[in-house]
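Okay, here's what each chain looks like letter by letter:
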Amino acid sequence: GAGVSQSPSNKVTEKGKDVELRCDPISGHTALYWYRQRLGQGLEFLIYFQGNSAPDKSGLPSDRFSAERTGESVSTLTIQRTQQEDSAVYLCASSLGGGSRYGYTFGSGTRLTVV
Amino acid sequence: DQQVKQNSPSLSVQEGRISILNCDYTNSMFDYFLWYKKYPAEGPTFLISISSIKDKNEDGRFTVFLNKSAKHLSLHIVPSQPGDSAVYFCAAGEGTGNQFYFGTGTSLTVIP
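Protein chains in written order, with this note's numbering: chain A, 14 to 128; chain B, 18 to 129.
Bear in mind the hints are in silico, worked out from the structure with no lab data behind them. Accuracy of the hints is not assured; some may be wrong.
Residues on chain B that point at chain A, a partial pick, calculated with CB under 8 angstroms [to be verified]:
#: 1; residue: Ile37
#: 2; residue: Pro57
#: 3; residue: Ala58
#: 4; residue: Gly60
#: 5; residue: Phe79
#: 6; residue: Thr80
#: 7; residue: Asn115
#: 8; residue: Gly120
#: 9; residue: Gly122
#: 10; residue: Thr126
From a predicted model like this one, the values you see are computed outputs, not experimental measurements. Even for Gly, the Cβ is constructed at its ideal location relative to N, Cα and C.
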């Protein structure tokens, strides 16, 4: 597609439930990033995929968070046993290559609310 | 520890005047800097970038200035327009790194 697509756009879940967020990057973009933005905070790096290399998971806040990517296409971010502090906008971005030389194109985000 | 800081959470400017948004960073290894603009319910969109080999980059009404010795960059918008009202994020990264580090954003309101 023309842009980065994320689904769902909004998700309300009960504390303790698992959620799965989806990202479709721009075709041909080898790098994919997940960030989140909690209320009043900046964008917080979560995970980075580049081609077939091992992902950089250094930003994942706990082992309840995991992400997968199939080749250079769709990625899913899974949060298990959600907590209220997981409430945030989860943003996916893709870029032509890895490393900070390439700017990102962001999706519109998934707003997750844990009640 | 916040490596990129935007100390002004909000800014109001009269239409036609200059808007100046500031950003400070702590890591001297950062060599590439971006500004993003974000409207409500949308993802951030790329606005302008600058690499550390330059101290100024201009694109239409938008100019980014980089002061490496002060680890400071700023975005100038002139003349400001009501459609510029949005949250502006600055981001910094290393050429060999995997990620950009983002500030907390500055909400700009341009008053007609």
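Here is how each hint holds up against the structure:
Because the smallest distance between the Cβ of Ile37/B and any Cβ of chain A comes to about 20 angstroms, over 8 angstroms, the interface hint for this residue is violated. At its closest, the beta carbon of Pro57/B sits 11 angstroms from a beta carbon of chain A; the interface hint therefore is violated under the 8 angstroms criterion. Given hint, Ala58/B at the interface with chain A, holds; its Cβ is 7 angstroms from that chain's nearest Cβ, closer than 8 angstroms. For Gly60/B, the interface hint holds, since its Cβ comes within 8 angstroms of a Cβ in chain A; the closest pair sits about 3 angstroms apart.
Annotation: Phe79/B was flagged as interfacial toward chain A, and the flag is violated, the nearest CB pair being 14 angstroms apart, outside 8 angstroms. Taking 8 angstroms as the C-beta cut-off, the interface hint given for Thr80/B is violated, the closest approach to chain A being about 17 angstroms. About 5 angstroms separates the beta-carbon of Asn115/B from the nearest beta-carbon of chain A, less than 8 angstroms, and the hint is met. For Gly120/B, the shortest C-beta to C-beta distance to chain A is roughly 5 angstroms, which falls under 8 angstroms, so the interface hint holds.
Because the closest C-beta pair between Gly122/B and chain A is about 7 angstroms apart, less than 8 angstroms, the hint holds. Look at Thr126/B: its Cβ only gets to about 17 angstroms from chain A, farther than 8 angstroms, so that hint breaks.
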